[in-house]
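*Asks:* All chains should be built: construct the whole structure from the sequences, respecting the hints.
These protein sequence lines map, in sequence, to chains A and B.
Just so you know, we're using my numbering here: the first sequence kicks off at 1 and counts up by one.
Just so you know, we're using my numbering here: the second sequence kicks off at 1001 and counts up by one.
Note that these hints are calculated values from the structure, not bench results.
It is possible that part of the hints are untrue.
[What the hints assert, rightly or not] Below 27 angstroms or equal to it, Euclidean Cα-Cα: the simulated DSSO-like pairs (lysine-lysine) are:
id: 1; chain 1: A; residue 1: Lys286; chain 2: B; residue 2: Lys1218
id: 2; chain 1: B; residue 1: Lys1337; chain 2: A; residue 2: Lys373
id: 3; chain 1: A; residue 1: Lys218; chain 2: B; residue 2: Lys1218
id: 4; chain 1: A; residue 1: Lys286; chain 2: A; residue 2: Lys129
id: 5; chain 1: A; residue 1: Lys337; chain 2: B; residue 2: Lys1337
id: 6; chain 1: A; residue 1: Lys337; chain 2: A; residue 2: Lys286
id: 7; chain 1: B; residue 1: Lys1129; chain 2: B; residue 2: Lys1286
2 protein chains.
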Amino acid sequence: MGDLTMEAHEGVDEENGLVEIQYFTFGSEAEPFVLENQQSLPSVTTAYEVYGSLNAERDNVILVEHGLTGSSHAAGRYSWENRRAGYCNALIGPGRVFDTDKYCVVAPNALAGCRGATGPASIDPAAGKPYGLTFPIVTIRDMVRVQKRLIDHLGIRRLQLVVGGSMGGMQAFEWAVTYPEMVRAICPIASCSRTGAQSIAFNECMRRAIVLDPDWRKGEYYGGAVPASGLALARMIGTITYLSDPIMEQMFGRKPVDETTSLEHSLHARFDVERYLHEEGEKLVKRFDPNSYLYVTRAIDLHDISRGYGSLDAAYRRIQARVLLIGIRSDILFDPKQIRLMDEHLRRAGVQSAYTEIDSDYGHDAFLVEQEKMAAPLQALLATLQEAV
Amino acid sequence: MGDLTMEAHEGVDEENGLVEIQYFTFGSEAEPFVLENQQSLPSVTTAYEVYGSLNAERDNVILVEHGLTGSSHAAGRYSWENRRAGYCNALIGPGRVFDTDKYCVVAPNALAGCRGATGPASIDPAAGKPYGLTFPIVTIRDMVRVQKRLIDHLGIRRLQLVVGGSMGGMQAFEWAVTYPEMVRAICPIASCSRTGAQSIAFNECMRRAIVLDPDWRKGEYYGGAVPASGLALARMIGTITYLSDPIMEQMFGRKPVDETTSLEHSLHARFDVERYLHEEGEKLVKRFDPNSYLYVTRAIDLHDISRGYGSLDAAYRRIQARVLLIGIRSDILFDPKQIRLMDEHLRRAGVQSAYTEIDSDYGHDAFLVEQEKMAAPLQALLATLQEAV
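*Replies:* Laid out in structure tokens, this is it:
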């Protein structure tokens, strides 16, 4: 979810070369896309990127799902001037874990996002202006149902692996439960099969920050001033939860922004950790729509793969895919202890599940900033799939 | 810091009877109170309450320090109609750990607070209107320096114990370092000797929530609309950090506010955990001044007992008091591992320090809601002091 990744991958090799965003649109007035809540969208667009080629059997696909504020840009660069590669670049490419000489990696943008997917900033054809708050509530399952349309459109028969961190992992779970026959393996990293109270609580605080901004104007700010301070505060709150106490102590401690500042003299004096939070907030403002933030966090709250199946157990029993759960030792959003319990629950339900814990002080953000640590378990998972063919 | 306590103690026995707030005011234009940052206040008032009586030696005193949004109301009730007793009522009273037949318990309100202490809502005599943001930045040490004036005024010669949770514990530390000869023992509960980056980060988010509220008007809202939504959001953020993932799961899980609500249909649909956060936010608005929240959280950020002594080690070496550190197993604000390390550091510096960990799922709030669990170690500490007389 954080921005650290992109920074971490500045200056990496250029194996993935230049990549392009592609777009897929479906639906019509006559045949709209009906959401889980029975509301509908007459037209849905999703952005996606593809790295590698589809094989003759059309089944060598790895689907990479992004987190809360991510985009379809998982690997490569858009231009040689662009110093930053996609968010998952360390794992994707020729000879890497998601070997593009062998696999076709597909990375979509999630519904309700603002990086090429239909969302609250999109024009509502009926009204001739952006949806804003008239955009329907969507769920993680709806995101996955849109991706299924994309996968069908691309002629893909089967997914070898659906992988993602945080909200990306929620989508991986929904894939395995909603389309069990389509998926050979999933790897939810620092994620969950249904969202807990603490996550909902943080999400609600972040939403309140946005709606508190006088520029939010009940979501009708398009064309005017954007509720930048509100979104920035939401991101500041999020940023704390993506890190951990030890890493914050290591990165910032009690360092002042400016050694010459007498910290006791002004309410606005700044510790370095405050500067960092403000910078993270301002960076997100440049690339994310505040209304999308409201909708995507609500989709996360509503995430519960058991919905419609009666119980979590019943939902787990639908899963045919192998499951590799990855937890991060210092994660305060997705406690590794809970992920370990989920693994036990999955196995009791007959799922071929395994759990791996990444030793990192980076907290939740480790799924982005220390993705190399996930290479070995992912490699092993893909090898198992090949043996099983 | 939370409100859970007061609820938890509804209907407790009435041993402490009716209590009264008292006030102590000092300073003048000619002899102002000079703060750590060299700014000054011409007049300082502190509210305080006293339970029990001072002995002939004037040294049987236990000083009880409150947390961020607390007040001087540590025990008893203000009227028989009032169902709620003070925040530390379970530990204070005849026959209790802080036995008022033996000890004289003094509970002050911290400087910059708004429950009877001079703070940003007080009238600036020079301007004839509330200080607002012209109120000087104060520190935890300043709070303690004001208390020292109160203690001198009351004719108290020595403090047997200074005890408090969270910000209260920071004050206990400052007492032991600033007035080492005055203090026989301190017990900082779920607290620290200097504030870490994560706490500063949460504090900054809470302050941003207040200043984002259009009603805040750079702190000049007195007499007009109060920035209630901003303060409420600050409290909502705080509330998450005062609890823990396990207790939130136990208290709320994914329970909806209203079983008949179709959660998928509205952005404003509410989970029970959201309702709780909003209620906590609204409750604080009724009893706390938003500007005080800004100043008191900044005082917490600036807390560092080493200031002026060169190093933490040098500050620790000043301490003559016995130190009992209490950590809470599930606390996400004050990691018990860090408190244990602090104990080791104190002992290396020659301090008679000990560490006790409370097994509780309540997180940081346990220092209020499960104060009974602290009775035994506090009793043992007081017994040691008596033996040592």
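*Asks:* Each of the hints needs a verdict: does it hold here or not?
*Replies:* Here is what the structure says about each hint:
1. Lys286(A) <-> Lys1218(B): With a Cα-Cα distance of about 26 angstroms, the restraint between Lys286(A) and Lys1218(B) holds, given a limit of 27 angstroms.
2. Lys1337(B) <-> Lys373(A): It holds: about 26 angstroms lies between the C-alpha atoms, which stays within 27 angstroms.
3. Lys218(A) <-> Lys1218(B): Holds, because 24 angstroms separates the two Cα atoms, which is no more than 27 angstroms.
4. Lys286(A) <-> Lys129(A): Status holds; Cα separation ~22 angstroms.
5. Lys337(A) <-> Lys1337(B): Status holds; Cα separation ~18 angstroms.
6. Lys337(A) <-> Lys286(A): Not satisfied, since the Cα-Cα distance of roughly 36 angstroms exceeds 27 angstroms.
7. Lys1129(B) <-> Lys1286(B): Measuring from Cα to Cα gives roughly 22 angstroms; hence the hint holds.
In this structure, the one hint that does not hold is number 6.
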